[in-house]
Structure formats: structure tokens, C-alpha cells
Amino acid sequence: MSSTLIERVLPEKRALTTKPRPSDVAFRTVLNVMSYSSLLILAAIGGFLAFRGFGAFKENGFGFITHAEWSSIVGDNGKEVSSFGMGAMITGTLIIATIALFIGVPLSVLTALFLTFYAPERLKRALVTVVDLMASFPSILYGIWGFIVLAPMATYWAKLVYKYLGWIPFLSVPSPAFDRSPFLAGIVLSIMIIPIVTSVSREIFAQTPLERIQAAYALGATRWGMIRAVALPFGASGVVGGAMLGLGRALGETVAVYSVLNIVFKINWHILYGYGGNIASMIVQKFGEASFTEKKALLAAGFVLFVMTLLVNMVANTVVSRAVKSGK
Amino acid sequence: MSTENTPQPNSLAGVAAARVREPGNAPLGSGLEARGVHAWFGSHLALENVSLDFAAGTVTALIGPSGCGKSTFIRTLNRMHEFIPSAAMAGEVLLDGKDIYASGTDVTRIRLQIGMVFQKPNPFPSMTIGENVLAGLKLAQIKYDGNKDDLMEETLTRAGLWNEVKDRLSAHAGGLSGGQQQRLCIARSLAVNPKVLLMDEPCSALDPGSTLRIEDTISQLSKTMTIVIVTHNMQQAARVSDYTAFFLADGGPGQMIEVGPTNEMFSRPKDQRTENYVSGRFG
Numbered sequence: 202m203s204s205t206l207i208e209r210v211l212p213e214k215r216a217l218t219t220k221p222r223p224s225d226v227a228f229r230t231v232l233n234v235m236s237y238s239s240l241l242i243l244a245a246i247g248g249f250l251a252f253r254g255f256g257a258f259k260e261n262g263f264g265f266i267t268h269a270e271w272s273s274i275v276g277d278n279g280k281e282v283s284s285f286g287m288g289a290m291i292t293g294t295l296i297i298a299t300i301a302l303f304i305g306v307p308l309s310v311l312t313a314l315f316l317t318f319y320a321p322e323r324l325k326r327a328l329v330t331v332v333d334l335m336a337s338f339p340s341i342l343y344g345i346w347g348f349i350v351l352a353p354m355a356t357y358w359a360k361l362v363y364k365y366l367g368w369i370p371f372l373s374v375p376s377p378a379f380d381r382s383p384f385l386a387g388i389v390l391s392i393m394i395i396p397i398v399t400s401v402s403r404e405i406f407a408q409t410p411l412e413r414i415q416a417a418y419a420l421g422a423t424r425w426g427m428i429r430a431v432a433l434p435f436g437a438s439g440v441v442g443g444a445m446l447g448l449g450r451a452l453g454e455t456v457a458v459y460s461v462l463n464i465v466f467k468i469n470w471h472i473l474y475g476y477g478g479n480i481a482s483m484i485v486q487k488f489g490e491a492s493f494t495e496k497k498a499l500l501a502a503g504f505v506l507f508v509m510t511l512l513v514n515m516v517a518n519t520v521v522s523r524a525v526k527s528g529k
Numbered sequence: 205m206s207t208e209n210t211p212q213p214n215s216l217a218g219v220a221a222a223r224v225r226e227p228g229n230a231p232l233g234s235g236l237e238a239r240g241v242h243a244w245f246g247s248h249l250a251l252e253n254v255s256l257d258f259a260a261g262t263v264t265a266l267i268g269p270s271g272c273g274k275s276t277f278i279r280t281l282n283r284m285h286e287f288i289p290s291a292a293m294a295g296e297v298l299l300d301g302k303d304i305y306a307s308g309t310d311v312t313r314i315r316l317q318i319g320m321v322f323q324k325p326n327p328f329p330s331m332t333i334g335e336n337v338l339a340g341l342k343l344a345q346i347k348y349d350g351n352k353d354d355l356m357e358e359t360l361t362r363a364g365l366w367n368e369v370k371d372r373l374s375a376h377a378g379g380l381s382g383g384q385q386q387r388l389c390i391a392r393s394l395a396v397n398p399k400v401l402l403m404d405e406p407c408s409a410l411d412p413g414s415t416l417r418i419e420d421t422i423s424q425l426s427k428t429m430t431i432v433i434v435t436h437n438m439q440q441a442a443r444v445s446d447y448t449a450f451f452l453a454d455g456g457p458g459q460m461i462e463v464g465p466t467n468e469m470f471s472r473p474k475d476q477r478t479e480n481y482v483s484g485r486f487g
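Chains Y and H are the protein sequences, given in the same order. Each residue of the first sequence is one higher than the one before, starting from 202 at the first, in the working numbering. Each residue of the second sequence is one higher than the one before, starting from 205 at the first, in the working numbering.
Fair warning: there could be bad hints in the mix.
In silico contact screen, one side only, chain H against chain Y (beta carbon under 10 Å); selected entries [to be verified]: (1) Phe322; (2) Ala339; (3) Ala395.
In silico lysine to any residue, SDA-like type, Cα no more than 25 Å apart, as pairs [claimed, not checked]: (4) H/Lys399 x Y/Ile304; (5) Y/Lys325 x H/Ile288; (6) H/Lys324 x Y/Ala407; (7) H/Lys342 x Y/Ser438; (8) Y/Lys467 x Y/Phe348; (9) H/Lys342 x Y/Ala407; (10) H/Lys347 x H/Lys324; (11) H/Lys324 x Y/Arg413.
Simulated from the structure, these hints should not be mistaken for lab results. Just so you know, even glycine gets a beta-carbon here, dropped at the ideal spot from N, CA and C.
Next comes chain Y alone, as it looks inside the complex (with noise of 0.2 Å):
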């Protein structure tokens, strides 16, 4: 069939190259060693908790992961007897990171949707400081305030919802123990992600493209039937995005939740009852009178976070960006 057509001779493409000066070709070398450090850095961590803890996987199999139960006795003989799992504590952190979440990000999101849309330019300014301030005030004092201040009227709030609520199985309680609930860990946590999801809405709700707001007020809409119509569909990849990031924070966070929650090793789905579990808070709570063989179980624990951890925020970054691109 080709033989037909006359075939067209085109020129090799040429490389298109250039002779970089020596001082160009310094600063790039010192740029990609700072740049592939961070990269470095994580695959170290990573691959430490990963060969430290390979013994925990080992032994314990995939009961690691699924069972609930955490033990390590020394019995008569001098020898060690253990046996690890950490099923109730993925469980229970992924309930704390559900609940921060479920209370998180309609609030941040309506922060941002307020501070886009309606707040004078001044109080927008003053707003979006405070809020950034949030994401750096220490852990541990959200912490000591959430085990403080917020633990008693937490406590109260749970027995209101149980009283109207508890015929909701995961609102129920099997005895009346409030104190140091799964509940109370996500309020605390929730407060935690709201700059991160408050911050990447805004800039989301921020790119609305303005010929697409004109159009929905010239057509006489409201603000409401504006951000309804235009604001809440252009941004919600964006929202999810920043919610992913949030539960990523969620997952991760450490010293607040092990402030104000009961750590047991029982899975606990009743999320007003005073026991819960977390990765994080489990291995600063255990970590310091950890045996030696406890200590590569919490390695091993660690990696599990590592792993979860770093696949929210690998999806959250795709969404995110993709949100972005998409709205150009």
C-alpha cells in the first residue's frame, strides 16, 4: 500500500544541545542534591521502619495487621512470649480521622466559602492569619486544652448525643464511660485540620473564574445561588483534595490525640465510649518501656503509619493539583 505513495525523506532530528558554564553546572549539581535529599531522607525512614520492624511482620504475620490483641510477657523461663497485632488501633485511627473529618471540613469549608465570598477585605486579612497561625500553634497545647477545657463539655455533648442519638449502633455505649472517647480525640483533631482544609478551599474558591460569578449574578442570582451554581462545582475537587490532605494530618497527628484518649488494645466501634485506639499516641505511649522486641513491633507499627500516611497525601496532592489545572 505504501509502496505507492512516494515516500517523503525527512531530515534526523537534531539534538538540541547546549555547552552549560561551570558555574551553571555547579548550582544545578547543589539543586538536585538538595532537591533529591528530601526524597533520600523519606526512603531512609522509610526503609529503617521497614527493616527494623521486619521481624514483627514476620512472626506475627498478617495477624499484625488484624488482630486487636498487644502482649509481651516474660514468663518463668526468662523467655520472652508476645504477640502483636494492631488491628484496634487502625481501626481506631482511621474512626478518630473520620470523626475529625465529618466535623472539620464543613467548617472549613464554610470558613472558606465566608472568606471568599463575603468578608471585607480587612477582616478577610486579620481571618486568614489567625487561621494560618493554627496550623502552627504546638500539638501538645491543643493537647493539655482539649484534656482540660474542652474533655468536660465534650463528655457533656457525648451524653446529649447518645441520649437522642444512641439507638444509632456506633453512637450507642455498652456501660455510661464518656471520659477520653474516640469523639473527643476527633473534636480535638478537627480543629487541628481545619487551616489545612480552610487554606487549600480558599485558594480553590479563590480561582472561581470571575466571568462565571458575573454570569450568575447578571442572571439575578443570590450569593447563595451563586456559590450554589458555580463556587461549590468548580471547587469541590479542590475540597476534597484539601480534606485528603486534612485526613492525612489526621492520621499522622500524635501528641494531642495521646493527650485526651484512652488507649486500649480492643477494637472499639462505639465512638462515645471511653477507650479508642491510635498508631501514633500507641507508639509515644509505649515506646520508651518498649522490650526489645516490642520496640521492632512499634517500628513495624510505624511503618503501617508510614505507608498510610504517605498514600493519603500522594492522592491528595494528585486531586489537589488536578483540581487546579482543571479550572484553568
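Following the hints, position chain H against chain Y.
Below, chain H alone, put in the same frame as chain Y:
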């Protein structure tokens, strides 16, 4: 000059003269009156003292070189001007005799009565063609009692788009051509039944074929409503408008130099500057 008595068919004056409407067409829509309108951006006075009547059921073209304030002016007519931060205005705009800037006015109600079509077609990309047409009802939170399908067909027909989209009303609006999108935007404006339609250079982003279709649409619409159109294209002003107003910013703020019936503006303007502009000597 001979053009005064026997307009050449190809000249602007000829085009405008051919368009003069037969008397007896009952004017519809509502009249709009601008009284001493000034507009600022921050401390910069962009428009000075424009007073202009738009009689019910007429088409008025606003012409003039870039930066003469005609777009600023049209945006004061439905209070879109105030969307630009630091924008300010003085004067009055009367719709059916009532000042749309009066305190206690619900600005969303004003924009329902005075619709607007923008330079760049701006359908909502997350909505289908049909949803776009009805978007105004949802946005303004209006309960529509009639049949929405009928409303969709009626407005799309008036905008001259029905035949092209009737089989794909549930397709996304982004798949339409630029001209179709602009007619969709016109249909969208019509669905909330405005009395006045403002068009800010509606054809400047379109090819000549689409431009003619839009002009056709304007001619059809002018039977039922008051239309104000900003245009850079003097041929277009001559083709579609009953009245033409010429704006100019001579170093200072934009001003309205002259207004009159379109055929007179293009054949025997009173002001030398208008004459220079419509004869293509500048701008």
C-alpha cells in the same frame, strides 16, 4: 453631499437607513433612563455625566473607541459595575421611573429585570445545555409555575438555537461552538424574562457567521424588549440599532458625545468628532 438624500446601499448610513422601523410597532419591554451617571474606579473618574434615555422596545448601540467608558456605562445599568473592587458611581438609573440604586433595592431583582450578555460566552460548564437555560431560575431561587420544558424550548427558539440543540439538551454546554454558546447565554438571560437586555460586545469573540446569527437574534428580540448593545463594529451598530450613542474619552474621563437615530448618526452627525469616528478617521 449626495449620501444625505440617496444613501448608498453599502455605506453605514445606507445600512442604517434600511433598518429604520415601520411606525406602528407597539413598543414592548421597559424604558431605562440614565441620569447624570458618573463612574469611578478608585479615584480615577472613568465616566462623566452621561444622561441617556432608552425608550421601551428600542435597540440602542453604544459605540466609541476602546477605553471610552461604554462598557463601564453599560455595567452601571444593571449594577454589575459595583463588582469591581473600589468601583463607585453617581447619578441615577431609572427602570420604569424607579431608581435602581435607591436604598432598600434588592439588587438581585434588578438584575432579573435587566439581563446581561457578556463579551466572552460564559455558559456554566458543569451544567447541561438545558440546565444552563434554566440556571437563572435556580440561581435567583425563583419558583417557576409553568412547564419548564416549554420555557426551555421557547427561550432557545427566541435565541435562535433550538433547532441546533433540541436533540442534545442533556449534553454539556462546553461542546457547543462559540457562537452557539453565546446564543445559549442569550437564551439563559431570556429564561428569567427580563424587560431589558444589555449586551457588552456580544460578538467580538465570534466569527462572522455566528455574528450574523446573533444579529438576527437581536432583531427578533427587539420586538419584545429593550436592548442596549456595546459594539466596536460600526457595521453592526448600523445593522441592529434604532439609536446610536457615541462615547469618547479625550484624555479625560469618558463622555457621551452625541446620541441620535442611528441613520442620522451615520449620515449627518452633529458633532465633528462623531463624524471623524464613524467615517473611520480614527478609533
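Verification of the supplied hints:
no.: 1; hint: Phe322; result: holds, 7 Å
no.: 2; hint: Ala339; result: holds, 6 Å
no.: 3; hint: Ala395; result: holds, 8 Å
no.: 4; hint: H/Lys399 x Y/Ile304; result: violated, 46 Å
no.: 5; hint: Y/Lys325 x H/Ile288; result: holds, 17 Å
no.: 6; hint: H/Lys324 x Y/Ala407; result: holds, 20 Å
no.: 7; hint: H/Lys342 x Y/Ser438; result: holds, 22 Å
no.: 8; hint: Y/Lys467 x Y/Phe348; result: holds, 22 Å
no.: 9; hint: H/Lys342 x Y/Ala407; result: holds, 23 Å
no.: 10; hint: H/Lys347 x H/Lys324; result: violated, 29 Å
no.: 11; hint: H/Lys324 x Y/Arg413; result: holds, 10 Å
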